[in-house]
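With the hints as constraints, model all of the structure from the sequences given.
Protein sequences, first through last, are from chains L and B. The numbering used here puts the first sequence at residues 1 to 654. The numbering used here puts the second sequence at residues 1 to 654.
Any given hint might turn out to be false.
[To be verified] Partner residues aside, some chain B positions facing chain L, computed with beta carbon under 7 Å:
no., residue
1, 8
2, 24
3, 27
4, 68
5, 71
6, 75
7, 109
8, 337
9, 341
10, 342
11, 385
12, 387
13, 389
14, 392
15, 417
16, 420
[What the hints assert, rightly or not] Below, computed lysine-lysine pairings styled on DSBU-like, alpha-carbon distance capped at 30 Å:
no., chain 1, residue 1, chain 2, residue 2
17, B, 414, B, 342
18, L, 24, B, 48
19, L, 414, B, 110
20, L, 110, L, 137
21, B, 609, L, 110
22, L, 130, B, 149
23, L, 320, B, 110
24, B, 295, B, 342
25, B, 110, B, 149
No wet-lab data here; the hints were simulated from the structure. Backbone N, C-alpha and C define an ideal beta-carbon position, used for all residues, glycine too.
2 protein chains.
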Amino acid sequence: MSSASAGVGRFPIVALDPQVDGGKYPVKAIEGEVITFSATCIREGHDKLAVELVIVSPSGKQTRQRMQQTNAGLDLWETKFQLLEVGSYRYRISAWDDEYATWLHTTKVKLAASVDEELMMLEGIRLLEKFAKNSSKFSVFTKILSDNKLTPLERLSKVETELTELAAANPLRNLETLSDEVEIRCERKLAGSGKWYEFFPRSEGAHQKPDGSWVSGNFKTAVQSLERVREMGFNVLYLPPIHPIGKTFRKGKNNTLNASDTDPGSPWAIGDATGGHDAIHPDLGTEKDFKDFVKSANKLGIEIAMDLALQASPDHPWVKSNPQWFTTRADGTIAYAENPPKKYQDIYPINFDNDLSGFLDEVYRILKKWIGLGVLIYRVDNPHTKTVEFWQKLISRINHEHPEVIFLAEAFTKPAMMHTLGKIGFQQSYSYFTWRNTKDELVDYLNELSHQSANFFRPNLWVNTPDILTEYLQFGGKPAFKVRATIAAMAGASWGMYSGFELYESVARPGSEENIDNEKYEYKARDFEAALKRDSSLAPRIRLLNEIRDRNPALQYQRNLETHYSDDSSVLVFSKRLEPKFNGGKDNTVIVVINTDPHSVRETMVHLKMQQLDLPHTFEVEDLITGERFEWGEHNFVRLDSFKEPAHILRVIR
Amino acid sequence: MSSASAGVGRFPIVALDPQVDGGKYPVKAIEGEVITFSATCIREGHDKLAVELVIVSPSGKQTRQRMQQTNAGLDLWETKFQLLEVGSYRYRISAWDDEYATWLHTTKVKLAASVDEELMMLEGIRLLEKFAKNSSKFSVFTKILSDNKLTPLERLSKVETELTELAAANPLRNLETLSDEVEIRCERKLAGSGKWYEFFPRSEGAHQKPDGSWVSGNFKTAVQSLERVREMGFNVLYLPPIHPIGKTFRKGKNNTLNASDTDPGSPWAIGDATGGHDAIHPDLGTEKDFKDFVKSANKLGIEIAMDLALQASPDHPWVKSNPQWFTTRADGTIAYAENPPKKYQDIYPINFDNDLSGFLDEVYRILKKWIGLGVLIYRVDNPHTKTVEFWQKLISRINHEHPEVIFLAEAFTKPAMMHTLGKIGFQQSYSYFTWRNTKDELVDYLNELSHQSANFFRPNLWVNTPDILTEYLQFGGKPAFKVRATIAAMAGASWGMYSGFELYESVARPGSEENIDNEKYEYKARDFEAALKRDSSLAPRIRLLNEIRDRNPALQYQRNLETHYSDDSSVLVFSKRLEPKFNGGKDNTVIVVINTDPHSVRETMVHLKMQQLDLPHTFEVEDLITGERFEWGEHNFVRLDSFKEPAHILRVIR
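Structural data, given as structure tokens:
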């Protein structure tokens, strides 16, 4: 920042969107996303201004696209552009003196008032001389404008249509002013749009022996579960840590302090004598088993996401090999995690200030290994308890070599930290969605996610996690599960679900917001098949939701979400749309109406923002849940019975 | 802007206030102004963060001031600092690891829980070793913390108070992170705080002869009027253009097209054969007369502001000497002003694109002349019809040599242009205040001016101008004049009034928003004395308002305005405060309650934001209009009779 003001330019371009922190960080986008570019540009006096988006694609293709003045009072210009390449786009805004438009406007007004008629012909001829330098096609118009046999009005009528087209194709760009350049990092689709499922591989295929002890599931048995995941339509499968688990201060069932010999321990207490973050838990199998598991998943169209939890059990090899990566206390011992006076002695947190570059190299080495084994997605455990600059450096280094690698931040923390992690590189983040359950909360939050924070923060809407079983799910009954899955899958470009949700698991450990007998500390053998057979599984609904997403590309993006109105305090209405020009010529508009109160039947009117969706006075919609068709318009009656069907998912038929 | 993300730093400082467009333009401030600095700073985990304002004054004095965390959920830190020097301040935000605070907090918690007691003493001693490198005073505390004869709790109690003080005086600033530097341009007080009056010097002392013709007033006769201006308490006197007036297409009375020989013409049609912007109209006197006039004003504590209207009459010397400064049409004639099909043939607008640097030199030369004659304030006519970059270059050049020169933008235009003119250098601007008359409009606009736009846009609240006589004044009767002057003088750090307002001149030219028989086109002989004598002058009220401003420094600033609540749709409530530490030890709090409806008597409750003003449960206030005293609290009854007295101006007695 300088002592003198920055030069304002001939035509001040005083605001640009999208941008993040004045250009300090790149704007986030994904393949296929449609971005609305806007700029506030001003000029003195009454002459016409032209404003263009000048965008260069990752492969170097430059596009110039005229922007429209959408709000004259605010000097606001806008245009939409679809990003189709992965990589760094760079855009600038160009503003220039539109001499042709000024001349045409002035001439029309003056001819209508019979003022300066011949003079305006002369002015037109003078302007054509400028155009002539760029193209020989203009000379014919000079002849017409000079033709004394015609009245000035006749001359103008004769040239207007063609000349306007030719001028647009050969713009003079007099006094062009260019804004600063802004980078948009366009990543592969899964970076911001995916359907996530989470399971503990040790539970998949685990079984209890007659003596009560357990046989762990492993990657070989877990392969069998992949079909179940595919069947529900998910395309990312996230695994909690698969590494050896420490024995020292291991946690027992329900997070108790004294584990028995048969308790498997929390996968997040990483490391024992056999290895750390680069090793696989012996119970789960070999590296080859893991590789086979990844390949089997990929064959089914499922990518594997691994956990990256940068902490160690006291038994982790790092404790001996690299004690400088931990905090040594004044008595020479290594500091365990604590929130005084509470102690978490099974975990040694990393100290990032002692040897940042050494630790960075180690994590880089570990990630390179897993990337080599086919894992391109990492769910980062509690990134907000590690230093932000570590993540910035790590992600930048990895993405520089592997731009396809995706990091999901499990940052359940305050907004400034969550947003900053997004800005410095995390491709996506868990969000507050889990705790936004009422209509008003959802309207506010979905708007924030889709608009205010969309340039730097990409949410993944998880309905539950091993750490979170909300009161809404605990006490909302089966309809609550249906409502939440429907909102997450339809409103979120990315959404996620932790195993057991489809079985309506809703009993919490008393006083906590977690499942009782939490899978973090023990094996779970769930009978998904039986639940399906007795019709008490949500799996078919989940499959339907994911199918609807697949068939309606508009649902796969976040920035295109718009909320609409209902007269009922619990009925949420939102839509997503892809215009034909951004969807191979086909319009795709989906309107979702949902009763967020799982204990009620609601009847209300729904009011749509017609202009935003470019809707005609009346139109037909198809309910993608029931197949029913309705005639809709701006104001529509709905009746939503949470006990039967809490939602309409309506595709507009145009 | 770079392809890689900017380095986020050890402790991310993700938002700073004040700043303008991410540091692109300096922040505006005036001498004596109290600025609230805020920063959003984050750190991982639970250790304590210290945040400081590091500010360097124009003379090079650096101050470090600890900021307080005012909103933990938003990671927001704040502190207030008063700018007392004129020139460029530069500030940064510093965030560092507050090891001492972390140790003290952890030790207290652990001792209370009887955990790690001796360990925390050892940790303390280790920390003291770090402090010892900066000061020898810490060694005594090491001894106490090592003293085995005392319990750890006794040791802590013995050191805490003194050690905390010493640690604060010798901070370690471990892992310090510094934000980018931001410039604050602190200008002399009149740049943002003044009491303005406008008169046409040709009218001051003008008189009509028996034959109906006029004898023009001049600088000698106008000297007599200075006492009237001083008497009302104004400290800036703005003169419409004082240059020769063109004869070609001169405008007659009431803006008619055919002026008679005796019509003096509009002062804004500048230039005739005798001279242009560097000349004085012969009727007004000589350069010496002008110089004497300026000196006389200065002696009374009044600065003279001149008009800078960059346009020419067809008779201006520039038309012959520098035709390139105008637009030549295709027929070889010079373009007059027009808004097709309307023509303004008495005015030739400047073309800024033909010879920007030549024209810049000429205006620079002209300003240097007037600056030499003692004029340091310029009211710029219609800056939004000239190119923004011209103003940026001109103001920067002039202010570089004469930082005391002030430019007031007469930019009655759209927000983006008004704001940009402020950002690129205009010290202040006319505002929309004139058209904000209802309570709701005023609450919104005063908040915008005092907070949202205060860093770059300094308003001058004019109640009228020769161009603006609003419907509110046309139809509100005398109470309307009293209401508007009271709001402008109390709410505006700068306010202004055009001659005749004090006489309640309220008749408009039909169909226009201007006074009938507008002074722009003719002489006005007003009898201010007679009006005073028959008690039909607002001058005594204006004098009182300006006196109240002078005696209550809080009223002289803009950023300190806060609006409060009333239950009535017309009763506006706002306050301004200077805390004792920023006002020589004396608190100055003024609460203004005003009935904005000039046709009514209103009774209502007024509700104050007590915490914002640091007010006790009950307190005494003195009405500075009537001298009455009241007992006030959070909720107060008021009765305001617009026909008698529409306002309370209450000084809080602490």
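Chain L contact restraint on residue 75 of chain B - CB to CB distance below 7 Å: Result: holds, 4 Å to nearest chain L Cβ.
Restraint: residue 341 of chain B near chain L, CB-CB cut 7 Å. Satisfied or not? It holds, given that the least Cβ distance between residue 341 of chain B and chain L is near 4 Å, below 7 Å.
Has the given pair, residue 320 of chain L with residue 110 of chain B, been kept, meaning a C-alpha gap of at most 30 Å? holds, 28 Å
With a cut-off of 7 Å, does the beta carbon of residue 420 of chain B approach a beta carbon of chain L closely enough for the hint to hold? Given a least distance of 5 Å, the restraint on residue 420 of chain B holds.
For the hint on residue 387 of chain B, does the least C-beta distance to chain L fall short of 7 Å? holds, 5 Å
Tell me if the straight-line CA distance from residue 110 of chain L to residue 137 of chain L falls inside 30 Å. holds, 26 Å
Interface hint for residue 109 of chain B, Cβ within 7 Å of any Cβ on chain L: Constraint on residue 109 of chain B satisfied, holds at 4 Å.
Between residue 24 of chain L and residue 48 of chain B, does the CA-CA distance stay at or below 30 Å? holds, 27 Å
Sort out whether residue 342 of chain B lies within 30 Å of residue 414 of chain B, counting only the CA atoms. Holds: residue 414 of chain B and residue 342 of chain B sit about 22 Å apart, inside 30 Å.
Taking 7 Å as the limit, does the beta-carbon of residue 337 of chain B come near enough to a beta-carbon in chain L? Interface hint status for residue 337 of chain B: violated (10 Å vs cutoff 7 Å).
Given the hinted pair residue 110 of chain B and residue 149 of chain B, is their Cα-Cα distance within 30 Å? holds, 20 Å
Under the criterion that the straight-line Cα-Cα distance not exceed 30 Å, is the pair residue 609 of chain B, residue 110 of chain L satisfied? Distance ~58 Å between residue 609 of chain B and residue 110 of chain L Cα, so the pair is violated.
This entry does not satisfy hints 3, 4, 5, 8, 10, 21, 22, 24, going by the numbered hints stated previously.
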